[in-house]
Amino acid sequence: SQQGEEDPQALSIQEGENATMNCSYKTSINNLQWYRQNSGRGLVHLILIRSNEREKHSGRLRVTLDTSKKSSSLLITASRAADTASYFCATAGNTGFQKLVFGTGTRLLVSP
Amino acid sequence: SAVISQKPSRDICQRGTSLTIQCQVDSQVTMMFWYRQQPGQSLTLIATANQGSEATYESGFVIDKFPISRPNLTFSTLTVSNMSPEDSSIYLCSVETSPLGGEAFFGQGTRLTVV
Numbered sequence: 001s002q003q004g005e006e007d008p009q010a011l012s013i014q015e016g017e018n019a020t021m022n023c024s025y026k027t028s029i030n031n032l033q034w035y036r037q038n039s040g041r042g043l044v045h046l047i048l049i050r051s052n053e054r055e056k057h058s059g060r061l062r063v064t065l066d067t068s069k070k071s072s073s074l075l076i077t078a079s080r081a082a083d084t085a086s087y088f089c090a091t092a093g094n095t096g097f098q099k100l101v102f103g104t105g106t107r108l109l110v111s112p
Numbered sequence: 113s114a115v116i117s118q119k120p121s122r123d124i125c126q127r128g129t130s131l132t133i134q135c136q137v138d139s140q141v142t143m144m145f146w147y148r149q150q151p152g153q154s155l156t157l158i159a160t161a162n163q164g165s166e167a168t169y170e171s172g173f174v175i176d177k178f179p180i181s182r183p184n185l186t187f188s189t190l191t192v193s194n195m196s197p198e199d200s201s202i203y204l205c206s207v208e209t210s211p212l213g214g215e216a217f218f219g220q221g222t223r224l225t226v227v
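Protein chains in written order, with my numbering: chain S, 1 to 112; chain G, 113 to 227.
Chain G with its partners taken away, still in its complex shape (with noise of 0.2 Å):
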């Protein structure tokens, strides 16, 4: 199993500014993955992040909107850059513990208001 913490919970930002969410494992893992939920919705992939490599984007998702830092093989940021209205949702890191395949554990997630 894993423990993931995310921060910041929630945050209301101005539009055209950037904030970092941050994801931290209590165990290290080899793959970390960044979700989008806009509201009433489901969850997207926004992209794989590896350590030690770039992280792989979903369509629909670029690098300079969406940068992606993996320090270690236990942390992991997600920057929304230059924001708008529109990048207002939940976003969420999830963690996979076996290579076999298995469950997903998430973070609670970081509620994002754009305004």
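Here chain S stands alone, though its shape is the one from the complex (with noise of 0.2 Å):
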């Protein structure tokens, strides 16, 4: 399966500052899903979008949909050091249990 691309492959910003990251896919999907990984550790779930929804919320984060040009962004507001990491998306397709297939990710790096 094709990993899906991710933007920007890094990204530096300040503290109080908002973070976008975008991933765009090749095949249809379930759902899409972010992940966040710190230093090369395991994976951390974020948020879960539907195939059906086009926005989700979870406190900082806004993640949006499009189905239709095959991509996503996820919006990390008023940044914080310990936001440091890398971030991926991941797509599931229209099977029950799921293999995900993972974006290539963006290290974002938050400066105090």
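The hints are simulated quantities; they were obtained by calculation from the structure and are not laboratory data. No false leads were slipped in.
Where chain S lies over chain G, by a calculated footprint (3+ residues, C-beta under 8 Å): (1) 150-160; (2) 198-208; (3) 217-226.
Here's a subset of chain G near chain S, in silico, CB distances under 10 Å, partners left out: (4) I116; (5) Q118; (6) S121; (7) F145; (8) Y147; (9) E170; (10) G214.
Glycine included, each C-beta is placed from N, C-alpha and C at the ideal position.
Assembling the complex is the task here: the two chains are given apart, and the hints tell you how they should meet.
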């Protein structure tokens, strides 16, 4: 399966600024998820948006999904130094238990 | 939700040897997934492991190189066999708890360096 593309590959911002990451994918999906990975360790699930949803919020996170363009964006508002991590989108196809196809990832650096 | 204990957390191994990675889940799950993350890269699925049947491998991965066991609904192992430096990666196990599709839970990963 082919990975999705994320951009930017790396993003460097100051604390308090907003960070936006974009994800494009290739096939039809059941849902799209965003994960965070700190220092090459395990992934932590952030938010899931289903194919029939267009926008979803969770705390400082806002995710949009445009299935016609096969793209999604993750917005982190009022960023903090603790948000420094790699962020991955992952898509799940139209099956039950899902194999996730991960995007290439965005490395976010938030400076104090 | 699910809590996954994965070990070892890291290892340095000699080429030609094998390493077995263990993944223990705190609840019964139908399917477990094994991923590889090469340095600076994203995650690639190696195989899907069901209890009581052979694992299903993705293109580019074979059972002889990455044998997987799934003896029960809470445990799985992945072996990286006859290792070479190209096998240096982070290996992660993952589970999903809902058959309707939802978030995946990951172990903390095994950072493997082959010298």
